[in-house]
Amino acid sequence: MQIRKAVTLQPLEIHRRTSAMNPGDIVEIEVEGVGILRNHVVAGKWLPEISNSNNSGNFFNQGKD
Numbered sequence: 146m147q148i149r150k151a152v153t154l155q156p157l158e159i160h161r162r163t164s165a166m167n168p169g170d171i172v173e174i175e176v177e178g179v180g181i182l183r184n185h186v187v188a189g190k191w192l193p194e195i196s197n198s199n200n201s202g203n204f205f206n207q208g209k210d
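Per our numbering, the sequence shown starts with residue 146, numbered consecutively.
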C-alpha cells in the first residue's frame, strides 16, 4: 500500500486499509527529498511489560485518563 498524500500517523496507528502485518514483512516510509525508513516486522510481545501498577508516565496510556 502507498499513501500518496499528507498523513499524520499517531503512535501505534496503522492505516485502516493495511492488512495484518506478519514477521518477515517490511514497513517502508519514503519522504521525497529526505530518504527511506525501512523496518522489518519481527515476532514479539504486543506491548512492553509494565512494572508500575498505576501506569503513570507510560507512553501507551498518556492522555487516556
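Honestly, I wouldn't trust all of these hints.
[As the list claims (entries may be wrong)] Cβ-Cβ distance ranges computed for the label pairs, FRET-style: (1) Gly189 <-> Ser164: 16 to 22 angstroms; (2) Gly178 <-> Thr153: 17 to 23 angstroms; (3) Ala188 <-> Thr153: 17 to 23 angstroms.
Just so you know, the hints here were simulated from the structure itself, not pulled from any lab data.
No experiment lies behind these values; they were computed from the predicted model shown.
The C-beta atom is built at its ideal place from N, Cα and C for all residues, glycine as well.
Hints versus structure:
Checked against the hint of 16 to 22 angstroms, the C-beta distance between glycine 189 and serine 164 comes to roughly 19 angstroms, which is consistent with it. Between glycine 178 and threonine 153 the CB atoms are about 18 angstroms apart, so this pair conforms to the stated range of 17 to 23 angstroms. Taken as a hint, the range 17 to 23 angstroms is violated for the pair alanine 188 and threonine 153, whose Cβ atoms sit roughly 28 angstroms apart.
In terms of the numbered hints stated before, the structure departs from hint 3 and from no other.
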